[in-house]
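**Q** Residue numbers for the sequence shown follow this note's numbering, so the first one is 1 and each next one is one higher.
Careful: at least some of the hints might be erroneous.
The calculated EDC-like cross-link candidates involving lysine to aspartate or glutamate, where the alpha carbons are at most 20 Å apart (straight line), are [what the hints assert, rightly or not]:
hint	residue 1	residue 2
1	Lys157	Glu120
2	Lys86	Glu225
3	Lys157	Glu131
4	Lys205	Glu194
5	Lys246	Glu120
6	Lys86	Asp109
Label pairs and their computed distance ranges (CB to CB) [what the hints assert, rightly or not]:
hint	residue 1	residue 2	range
7	Glu44	Lys180	15 to 25 Å
8	Ser163	Asp58	43 to 53 Å
9	Glu208	Glu252	21 to 31 Å
10	Lys112	Asn263	32 to 42 Å
11	Leu57	Ser163	14 to 24 Å
12	Gly164	Asn29	16 to 26 Å
13	Glu194	Asn89	29 to 39 Å
It is worth saying that the hints were derived from the structure and are not from the lab. Just so it is clear, CB atoms sit at the ideal spot from N, CA and C, and this is done for glycine as well.
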Amino acid sequence: MEKLTNSWNIIKMIKLRYSKRGDKEMKENFFKYEYGVIISCDVESLSILENLLKQTLDIEGMVGYKVGCILALKYGLPDVVKTVRKYSNSPVIYDHQKAGTDIPMTAPDFAKVCKNAGVESVIVFPQSGPEAERFFINSILEERMIPIIGGEMTHPKYLAKDSGFLRDESPLEMYRLGAKLGVKYFVVPGNKPESIQRYSELLSKVIEKPRFLLPGIGRQGGNIETAFQATKGKPSYAIIGSAIYKAGDIREAAKNFCKVALNFTKNKSRKI
């Protein structure tokens with residue numbers, strides 16, 4: 001009971017400090033466009049990453065790069081971020097695959113490491129429960145980064161109804177709590193249109209303008225048009241990995257995806 005009380009006291013302190021910063025520092029305008037593509041850089045080496053960056057850095061509609069734990073474990077997260085920064089000023093999102101699954105008290109140190117490495121946003125799948133979710137979100141905010149909350153994933157047998165381990169309502173609870181804690185960006189499965197629509201409707205009742213990041217586009221069966229339509233006019237960003245970096249022509253593949261994404265915005269230079 002004492003540990004739980006201490007945990008809540010830390011959360012209150014973080015919220016108090018963060019609330020004094022003002023809305024401008026929450027970086028609501030994280031991406032340049034309301035619709036676009038984020039490249040998932042799950043490649044094997046920094047040299048391959050460099051080539052990927054060179055091929056895509058100036059494509060209109062490319063709004064950011066997501067780096068994961070494979071590159072981070074192999075080379076160190078700071079060096080991975082430095083490699084991206086050699087070529088691009090676009091947002092760097094870190095996907096720990098999956099952050100938010102440890103005890104709450106690990107969150108502050110985790111967030112600090114990410115901040116010191118130079119990332120600007122962190123994806124969290126809070127499968128360890130609501131207290132862990134609160135700690136990870138608030139720790140990320142304390143480090144002036146953008147928390148992105150995930151709930152449902154793209155692969156089969158994830159939820160109980162599909163013979164998975166998680167209760168069917170768990171993602172809804174993760175998203176709802178995140179929104180109540182100030183999160184504006186959410187990862188939803190881009191290859192499951194019914195789920196996308198469900199979460200869009202839910203979150204629109206909690207916050208005015210939820211934004212969605214959608215993996216599962218391309219080789220996992222999802223497509224941009226169907227996924228973006230399911231968000232019902234909310235800012236949407238396709239997370240695309242191997243369909244770009246394993247393509248015969250990386251640049252052409254990226255341009256084609258971005259073109260489809262940008263068709264969803266009337267003014268391509270409009271910022272959120």
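**Q** Give me the numbers of the hints this structure contradicts, sorted from smallest to largest.
**A** 1, 2, 3, 5, 6, 7, 9, 11, 12
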